[in-house]
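Protein chains in written order, with our numbering: chain H, 1 to 224; chain U, 1 to 449.
Don't take every hint at face value.
Derived DSS-like pairs: lysine-lysine, alpha-carbon spacing no greater than 25 Å straight-line [as the list claims (entries may be wrong)]:
1) 445/U x 78/H
2) 78/H x 349/U
3) 445/U x 19/H
4) 219/H x 225/U
5) 200/U x 136/U
No lab work stands behind these hints, which were simulated from the structure alone.
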Amino acid sequence: MSLILKQVRKSYTEPDGTKLPILNVEHFALDKGEQVVLVGESGGGKTTLLNVISGITQADSGTVQVDGHDLTGMFEAKRDRFRAERIGFVFQTFNLLDAFTALENVMLGMSFAGNNGGKAVARELLQRVGLGHRLNHRPSALSVGEQQRVAVARSLANKPSLLLADEPTANVDVKNQELILKLIRDACSERNVSLLMVTHSQEVAGQFERVEQLGDFNKPGESK
Amino acid sequence: MNLVTIAWKSIRQRALASSLTALSVALGVTLMVTVLVMHSVIFKTFNQPATGYDLIVGAKGSPLQLVLNTIFHLGKPVENIPYLYYKELKENPRIEAAIPLALGDTTQQGGFRIMGTIPEFFGVEYMPDKKFGVYKGGRYLSKPFDAVIGASVAKANNWGIGSTFKPVHGVDDGSGEAHVHDEEFTVVGVLGRTGTPNDKGVFVHLDGFYMIEGHEKPADEAYAKAVATAKLLGKEPPPPPKPQADDAHDDDDEHGHHHHHHGPIPDEQKEVTAVLIRTKSPIVTPQLQGFINDQPQAQAVSPIQQISLLFSTFIDNVQLMLLVLITMIILVSGVGIFVSIYNSMSDRKREIAIMRALGARRGSVFSIILAESILLCVGGGILGVLLGHGLVFAAAPYVEAKSGIVMNPWAFEWIELVLIPALIVLASLVGMVPGMTAYRTDVAKALAN
Numbered sequence: 001m002s003l004i005l006k007q008v009r010k011s012y013t014e015p016d017g018t019k020l021p022i023l024n025v026e027h028f029a030l031d032k033g034e035q036v037v038l039v040g041e042s043g044g045g046k047t048t049l050l051n052v053i054s055g056i057t058q059a060d061s062g063t064v065q066v067d068g069h070d071l072t073g074m075f076e077a078k079r080d081r082f083r084a085e086r087i088g089f090v091f092q093t094f095n096l097l098d099a100f101t102a103l104e105n106v107m108l109g110m111s112f113a114g115n116n117g118g119k120a121v122a123r124e125l126l127q128r129v130g131l132g133h134r135l136n137h138r139p140s141a142l143s144v145g146e147q148q149r150v151a152v153a154r155s156l157a158n159k160p161s162l163l164l165a166d167e168p169t170a171n172v173d174v175k176n177q178e179l180i181l182k183l184i185r186d187a188c189s190e191r192n193v194s195l196l197m198v199t200h201s202q203e204v205a206g207q208f209e210r211v212e213q214l215g216d217f218n219k220p221g222e223s224k
Numbered sequence: 001m002n003l004v005t006i007a008w009k010s011i012r013q014r015a016l017a018s019s020l021t022a023l024s025v026a027l028g029v030t031l032m033v034t035v036l037v038m039h040s041v042i043f044k045t046f047n048q049p050a051t052g053y054d055l056i057v058g059a060k061g062s063p064l065q066l067v068l069n070t071i072f073h074l075g076k077p078v079e080n081i082p083y084l085y086y087k088e089l090k091e092n093p094r095i096e097a098a099i100p101l102a103l104g105d106t107t108q109q110g111g112f113r114i115m116g117t118i119p120e121f122f123g124v125e126y127m128p129d130k131k132f133g134v135y136k137g138g139r140y141l142s143k144p145f146d147a148v149i150g151a152s153v154a155k156a157n158n159w160g161i162g163s164t165f166k167p168v169h170g171v172d173d174g175s176g177e178a179h180v181h182d183e184e185f186t187v188v189g190v191l192g193r194t195g196t197p198n199d200k201g202v203f204v205h206l207d208g209f210y211m212i213e214g215h216e217k218p219a220d221e222a223y224a225k226a227v228a229t230a231k232l233l234g235k236e237p238p239p240p241p242k243p244q245a246d247d248a249h250d251d252d253d254e255h256g257h258h259h260h261h262h263g264p265i266p267d268e269q270k271e272v273t274a275v276l277i278r279t280k281s282p283i284v285t286p287q288l289q290g291f292i293n294d295q296p297q298a299q300a301v302s303p304i305q306q307i308s309l310l311f312s313t314f315i316d317n318v319q320l321m322l323l324v325l326i327t328m329i330i331l332v333s334g335v336g337i338f339v340s341i342y343n344s345m346s347d348r349k350r351e352i353a354i355m356r357a358l359g360a361r362r363g364s365v366f367s368i369i370l371a372e373s374i375l376l377c378v379g380g381g382i383l384g385v386l387l388g389h390g391l392v393f394a395a396a397p398y399v400e401a402k403s404g405i406v407m408n409p410w411a412f413e414w415i416e417l418v419l420i421p422a423l424i425v426l427a428s429l430v431g432m433v434p435g436m437t438a439y440r441t442d443v444a445k446a447l448a449n
């Protein structure tokens, strides 16, 4: 198994002090190399779920296992390192850093995993996503489609075992949607990386064999 | 890519704000370096020439004035002491060398001070381990109307070996009051540059100096002084001088000066302005000083002590005040860095959150912000050190031309070594708060915004 969630609960405290349950997942799992799309309504807790899986946000209770490692039992610094090494992240808004070139953006993620070289790997990945000619361009000089392709290259730089993608095609045009989706799926298949993708798009969801409705396994209203 | 590289890229991203904050540090450091170098130059300029002689003996009065006048040519010459006193002093067993200086005239061209002295003057080290040297083809004083000139005099007046000049009594201030003597001196040697006021000196043979009209003390005045001194010492008064035909006063010109002598002046009528003393051992110096000061004829002062006193009471305090002000300027620059980085933090929360999402630890983002602060501060500091020395470098020729003070722009002060670590401490302090802001960034919230 690449990912296992057991009895994961997460709630936020509202300004008046009341608890607002967001996640209540009894069980959710992903096989090694499996590609799953997650659909659900806005505000349903999709992003929080990705944050809990990646260790950005700590669950209130339950266990989150990635590659057999329990993230909930780890100290924050170890969790950060684990995320850098094992989990790739593609955001809806690309989240590239404008101070860095395309190549440097890819290398930046590698440096947090302790890989301070890796220029050749970064270059190869950018060539893989069709940006071999845009290595030294800053994000502001790239089209949105190109920016998202840089983000995809960055997410794969540390050879993760799990890739989390939060609406990666929501901000790009139809032509780029297909291109980026294909890139992500092909790259994950080539590298046997498990993929969990959040989307609103039925068209995107329709291309996946396994489609999960968040509401089917997340029951925040039933939190104890 | 290491954390410093990441910090540097972030600085470059905000190029204008970063440059301005670094520049504010640089200007503060420039001021500090300039003050330090200038202080060191002033200290060396005053202190080094004072190290060549153990004591200066001159007429009783202000000890500092005696030192400043004799060594640094500042102010009008002090009163004279009798030549006979110098002759007596020279025989003191504690003394290794006693060099008389007779002052009062200047050159017509450039107004350089003329000093009557003995050839031995050039044999004594003017600073520890530093001896005078003359340019090739030159020699030291041997004949009465020989002159040896300092490097600055040679340059300013375009004089060389064989150049001749006539001394002016006092200083020719252009009022027409100054009297040009008839006697002509010939340059026989040009001294190598010493970096001391000697570079602006014109040295003539003491014998020639006394041959200049009016340089002898009138016989009656000299006698009256000798009698008064003998009285103070409780000795028998000396016999009155024999009248000399050459010494008649009936040929005074309109300036009140006398015309040329044809015979030697008796020692009783000779005077010297100061005597430079090298003692046989540092141990005997205070004894000798005490001995001279107990006598009514003269005072002995230690040039190093007087210069130290001048620095400790005046110049050091001025420097301290300047350094306090400059430290405050640098602190304000530090606050500028704090404001610049802190203000950028609200814009950068997302950037920090992205790094954290990519796996950067809290400590890493804290370090990146701290490194930014240190890079700005140290970068500004290094620029400031270079600008400071550059400023001295640019100013050195002008200062040298105006004052004769030689400034070495690359003379680093030990305190400059402290400057960079001090700036790192300052940068760490001002980077702490924005660094903590980065450390505490709520990643999920910042990414959601």
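Each hint, compared with the structure:
1. 445/U x 78/H: Answer holds: residue 445/U to residue 78/H is near 21 Å, not above 25 Å.
2. 78/H x 349/U: With a Cα-Cα distance of about 22 Å, the restraint between residue 78/H and residue 349/U holds, given a limit of 25 Å.
3. 445/U x 19/H: holds (17 Å)
4. 219/H x 225/U: Roughly 119 Å separates the two Cα atoms, so the pair is violated.
5. 200/U x 136/U: The given pair, whose Cα atoms are some 19 Å apart, holds under the 25 Å limit.
This entry does not satisfy hint 4, going by the numbered hints stated previously; all others are met.
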